[in-house]
Every structure is written in structure tokens, then in C-alpha cells.
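Visitor: Chain residues, written in single-letter form:
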Amino acid sequence: MTSKPIYGLMAEFDNPSALVSAARSARNAGYRKLDAYTPYPVEELHEALNLHKNKLPLLVLIGGVFGCLAGYGLEYWTSAVAYPLNIGGRPFHSILSFIPVAFETTILAAAVTAVLGMLALNGLPMPYHPVFNVERFALASRNRFFLCIEAADPKFDRERTAKFLEELGPREVSEVAE
Amino acid sequence: MSAATPPLQPPIVDPAQTFGSVTDKISSIVLSKKSPLVWLVGFGIAFSLTMLLLYSIGYLLVKGIGIWGVNVPVGWGFDIVNFVWWIGIGHAGTLISAILLLLRQTWRNSINRFAEAMTLFAVACAGLYPVLHLGRPWLMYWLFPYPNTMGLWPQFRSPLVWDVFAVSTYASVSLLFWFVGLIPDLATLRDRSQHRFARFAYGILAMGWRGSARHWQVYDTCSLLLAGLATPLVVSVHTVVSFDFAVGLIPGWHATIFPPYFVAGAIYSGFAMVMTLAIPLRKIYGLEGLITMRHLQNMAKVMLATGLIVAYGYMVEAFMAWYSGNPYERFMIWNRMTGPYAMGYWALIFCNVIAPQTLWSSKIRNSVPVLFVLSIIVNIGMWLERFIIVVTSLHRDFLPSSWGMYRPTVWDWSTFAGTIGLFAALLFLFIRFLPMISIFEIRQILPQAEVTEPQK
Chain R
1 MTSKPIYGLM
11 AEFDNPSALV
21 SAARSARNAG
31 YRKLDAYTPY
41 PVEELHEALN
51 LHKNKLPLLV
61 LIGGVFGCLA
71 GYGLEYWTSA
81 VAYPLNIGGR
91 PFHSILSFIP
101 VAFETTILAA
111 AVTAVLGMLA
121 LNGLPMPYHP
131 VFNVERFALA
141 SRNRFFLCIE
151 AADPKFDRER
161 TAKFLEELGP
171 REVSEVAE
Chain E
1001 MSAATPPLQP
1011 PIVDPAQTFG
1021 SVTDKISSIV
1031 LSKKSPLVWL
1041 VGFGIAFSLT
1051 MLLLYSIGYL
1061 LVKGIGIWGV
1071 NVPVGWGFDI
1081 VNFVWWIGIG
1091 HAGTLISAIL
1101 LLLRQTWRNS
1111 INRFAEAMTL
1121 FAVACAGLYP
1131 VLHLGRPWLM
1141 YWLFPYPNTM
1151 GLWPQFRSPL
1161 VWDVFAVSTY
1171 ASVSLLFWFV
1181 GLIPDLATLR
1191 DRSQHRFARF
1201 AYGILAMGWR
1211 GSARHWQVYD
1221 TCSLLLAGLA
1231 TPLVVSVHTV
1241 VSFDFAVGLI
1251 PGWHATIFPP
1261 YFVAGAIYSG
1271 FAMVMTLAIP
1281 LRKIYGLEGL
1291 ITMRHLQNMA
1301 KVMLATGLIV
1311 AYGYMVEAFM
1321 AWYSGNPYER
1331 FMIWNRMTGP
1341 YAMGYWALIF
1351 CNVIAPQTLW
1361 SSKIRNSVPV
1371 LFVLSIIVNI
1381 GMWLERFIIV
1391 VTSLHRDFLP
1401 SSWGMYRPTV
1411 WDWSTFAGTI
1421 GLFAALLFLF
1431 IRFLPMISIF
1441 EIRQILPQAE
1451 VTEPQK
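Order-wise, the sequence lines are chains R and E. Everything in the first sequence is counted per this note's numbering, starting at 1 for the first residue and increasing by one. Everything in the second sequence is counted per this note's numbering, starting at 1001 for the first residue and increasing by one.
Looking at chain R on its own, in the form it has when it is part of the complex:
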């Protein structure tokens, strides 16, 4: 083994069940800085990796409320303040007529927040990431399941962690170059 610093160690599994139990064993063994990579969302991993609830719903709520107020505010300001126009004696502030547009701006702002928020919380776009240095990692978007223990973990030790991963019955354990 070379002594160059590495990002972490990665184990490759055949099926989701093996990955979930491996992730659980790694957490039980005290590893904290670890991540799993799968070709589709595996819900059981949330609990196995002890993932916290994310803040996206709150962000989207804020976005939606903002969109609603902004849309309605625009309608009120233009129709009642900036450009009041008497159309058949209707009130300048026509609450019912303002609902459809305010509704649409609510949805638009909330949806944009949902997408940008998802990307921001995930730190995307991120064109480079060390895990891509592992050649077989290309299969993470096809049919293989990966568990990576990062070198930044306090319990990480190149030899011992590698041995630990080997014991979980993976297809292969490889080092992830920095």
C-alpha cells in the first residue's frame, strides 16, 4: 500500500440487503463519517445511517408563503395603488379575482425553492468528488451498492478499517484516492 493520503475506503455489494446490514454494522462499530451509494433510493438506509430529517419542507413552506405574498402584493399594488382602473364599478381591491394569480405565484415560488433547495442541501452541482476515482464506482448508477468510510472518521485506520470492511462480505474493497 502507498502512503499517499486517501479519501476513504469503499466496499462494493451485490444487493441492497447486504449494503443495509453493512451500513448498520459500520455504525455499530463506531464509524460515523460514512456514506452509502445506491442506484435508486433505499429507504432502509435512512435508519441504518441514522440520517436526520432534512430541512427542505421548511424551506419550501417559506418559499410558498413568500410567493403568495409577493403575488398578491403585486396585484394589490398595481390594481389599487399604481394603476387603479374602474372596470364596471368593481372594487380596486378585488379579492376574489386576485386569488388565481396569487395561487400560481405560490406554487411557482415553492417549486423553485424545492429544486434549488434540494440542490443546495446536497451540495450540487459538484463536478468532482473523490468517490469517482474508484473505477468500479461507475456501477453505482447501474446495479451495485457501495459503502464508503471516510478517512476523516476518528476511528479510521487504513489497515483495520479495510479488514473490518472485508469481514462484511463485500465483492471488493478499494481505496478511494483523494
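Accuracy of the hints is not assured; some may be wrong.
As the list claims (entries may be wrong) - Label pairs and their computed distance ranges (CB to CB):
#, chain 1, residue 1, chain 2, residue 2, range
1, E, Ile1354, R, Pro57, 42 to 48 Å
2, E, Leu1061, R, Ala177, 56 to 62 Å
3, E, Gln1357, R, Leu58, 44 to 50 Å
4, R, Leu96, E, Asp1220, 34 to 40 Å
5, E, Val1373, R, Ser25, 53 to 59 Å
6, R, Lys4, E, Ser1172, 32 to 38 Å
7, R, Leu96, E, Trp1142, 20 to 26 Å
8, E, Arg1432, R, Ile95, 46 to 52 Å
9, R, Leu96, E, Leu1103, 29 to 35 Å
10, R, Pro127, E, Val1410, 38 to 44 Å
11, E, Val1373, R, Leu58, 49 to 55 Å
12, R, Arg171, E, Ile1376, 37 to 43 Å
Everything labelled a hint here was simulated from the structure, so no lab data went into it. Computed from a predicted model, the values in this text were never measured in an experiment. Idealized CB from N, CA, C, for every residue including glycine.
Position chain E against the provided structure of chain R, taking the given hints into account.
Guide: Relative to the frame of chain R, chain E by itself:
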């Protein structure tokens, strides 16, 4: 109750499929160097029709909308008919991707991607019409509220302004939803393509997606939230479109049944279009293992159900015309049934009400060619419906002195054919460059995906 034998239902996807086979099957359509002959011919025809569209628009810009058949009293002709038809078609895509996701109907996973693409392209075609109908399309930005030197603002009490907001929001949210759904599959294409340029292009679009469990968690939340937002949105869009009519006072338009009846009609025509597209696609690309009979049957059932709601709408229209005692309403429905456009009305009743009743039979629901023909009949029927609503209501309203006839000109037809070409051309390009079935969502519903853990 005999619960011994579960009802025989074909599986959602072919049980022989695996993560690898699904990935290879779908991505190879995009990554292979060769296009099937059908694709080349189809794209050629669609592209020619798109050129016809450009020509028609060019001529329109030079001459003005006088080249169309619209005139007093029928100021809304093919432009509005086609606008409503196209936007209705789009609704099935959102319904499949959003509402069926919230209802956890996993069978949608095979058809949601191209149904969403269909939505986008249909909305693009729909959006052209009102803009061209403005007369001076180059001033279309006047529709949006922006500070201008004229000191003017849009009239927010008008349904036509609501429509601008509804349709542009719908287009934007559909695009976002579609793109978010594509990200993991773009990563798959990035990892599997051999060509350097393709790898680079898909890599940029995938934004460095690596399938991390932490990312998937946020991603799933995002999809569910978008679905939750798109569901009321899709209902609102066709409701607002129906307000364009229902808020007016013309007999035949001024009806409270319009919003629900328009939304049901939109879903009806959209599912018909999904079926029209899915049947040839699965045949040409050999996707029968992924888009199975189960999908076609389910879509047929949705068509039957929404078709019945639409039929109810026609009945209520006729009933209210009689029950209201309003002579103009009565004349309107009588004129529809026996007037100069009676042929269209009865053809619409045949296409939308009578023909789909055959779907009650499971034999019909199992026959692919019959389903294909039926889906085209419904598409035509829904187009006729919009024609009848728009034209027959306008051409003979309150005063016989202001009656007239509407006859579409060759430019009306060429623009319509052109948008069909644009729609098809965009769809052909989509099939060639992006995975038409959501790969990661199919992996999710394979039997392999089940996590089995030893119980502690």
C-alpha cells in the same frame, strides 16, 4: 367471499428483468450510434411539418391574423381550439407523475418520464397559439407585469391574465419536475457512455450526482413536495383555462360545470395521447417488458372513468340549457345538435361518449390494436369538443343580425399540422437523447430491490 385466488393481473414489469438489464436496455436506446429506420423516417416527417409551422408563422407575421378564418362574430377559432386541446393533453403527464406518485401507484414508474416530456412539448405547442393570436406577437411581453415607461400594468381582474400566469407557471414547474426526475438517470448515462462528448454533456447535466444515501433522502423529499405542488397546480391550470370561457356571458360558455368538466376532459385526452405514444414506442424499441399490458389496461380504465365524467358534462350542459328556461341557452344547445355544425357535435358524441364504452370489456382492454385506434378516436373527439365549445357558442349568440359562420383557412390547418409536427419532432429528439423511461424508478420496483434483513 372467495379470497383463495387473487385476481389475475399481469405484473407491472417483466419479472425476468434485473437492475443491470433494465439499465442496459433503456440506456442503450440513447447511447447506441444507430437510430432505427422508423425514427429517421418519423423525425423526417415531423421536421418537415415543423418547417411548415415556421412558414405559417412567418407568413402570419407578415400578413397578420387576417390569414386565419377568424372574424366577427367568431373571434376565437383554431388558435383557441388548439390551445385548449394541447394544454389538455399535457395534463395527463402531470397527473401520472404527480398524483399517481402521491397515491403510490408504482405502475406509473414505466410511463411517467415520457408522459412528462409529452406535457412539456404539448405546453410548448399550446403556448404558441395565444401568443400568435395577439396580432402583434412581438409585444407578448406586455402580458407580464414589468415596470414600463407607459406606466401600465396588467388587468388582474381578467381571466386572460390569470391564464398567462397559470400556463407559464405550469410550463416552468413541469420543466423543473421533469429535470429533477432526470438527474439520476443522467448520471447513469454519464457513467455508461463511451463517447467523450456524450460523457461530458451528460456529466454537466447530471451535476455530479453520485447516488449518495444522504442525497437520495433529500431528493425523495423534493420529489414528493414537487408532486404535492404539481397536483393542485394541474387542476388549477385547466380550471383557469375554463374561466376564459365561463367568466364570459356567451350562452354555451357561461356555465359552472366548466372547471371540473374541463379538468376531466384534459386528463381524458392526455391519457389518450399517452396511449397513442406508448403503443408504438414499446413495439419499436422492444419495451414490452417494461410497459406491460397492465399499464395499457390501467390507462384504459382511467380513460373510461374520465370519459364518463366528460359524458356527464355534456349531459349537464344540455340539461341546464333546458332547465334554466333561458331561450338563448336552449337555442345554443339546439343549434349545436341540429345547426350547421351538427355533424361535429354528433361526431364528438360518438368519439367521446359512445366509442369508449367498449372499454368496459376486458377483451377490448387486452387488445393493443383496438386500444390504439380508440386512443386516436378519443384524441379526435376531444379536439372536436373544443371546436364545438368555441365555435358554436360564438357563431350564433343573442342577435340573429350578428350571426356568422367560421371556416378555417389553409393557414389554420397548416399551423395546426405544424404544431403536431413540432410536438412529434421534440418527442423524437427526446427519445434519441434522453432515457424515455425512468431507469432508477424502474429499479425501485423490481423484486430485487426488496431489502431483507435478519430480524433481531
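Visitor: Run every hint past the structure and note whether it holds.
Guide: Structure-based check of all given hints:
Checked against the given bound of 42 to 48 Å, the beta carbons of E:Ile1354 and R:Pro57, roughly 47 Å apart, stay inside it. Here the CB-CB span from E:Leu1061 to R:Ala177 is close to 58 Å, well matched to the stated 56 to 62 Å. At roughly 49 Å, the beta-carbon separation of E:Gln1357 and R:Leu58 lies within the given 44 to 50 Å, and the hint holds. With their beta carbons about 37 Å apart, R:Leu96 and E:Asp1220 fall inside the hinted range of 34 to 40 Å.
Checked against the hint of 53 to 59 Å, the pair E:Val1373 and R:Ser25 passes, with Cβ atoms roughly 57 Å apart. Between R:Lys4 and E:Ser1172 the beta carbon distance is about 47 Å. The supplied range of 32 to 38 Å is therefore violated. Distance hint for R:Leu96 and E:Trp1142: a CB-CB separation of about 25 Å, consistent with the stated range 20 to 26 Å. Restraint check, E:Arg1432 to R:Ile95: a C-beta distance of roughly 49 Å satisfies the suggested window 46 to 52 Å.
Here the CB-CB span from R:Leu96 to E:Leu1103 is close to 31 Å, well matched to the stated 29 to 35 Å. As the Cβ distance of R:Pro127 to E:Val1410 is approximately 51 Å, the hint placing it in 38 to 44 Å is violated. E:Val1373 and R:Leu58 have their C-beta atoms about 50 Å apart, which keeps the hinted 49 to 55 Å range intact. R:Arg171 and E:Ile1376 have their C-beta atoms about 50 Å apart, which leaves the hinted 37 to 43 Å range violated.
In this structure, the hints that do not hold are numbers 6, 10, 12, in rising order.
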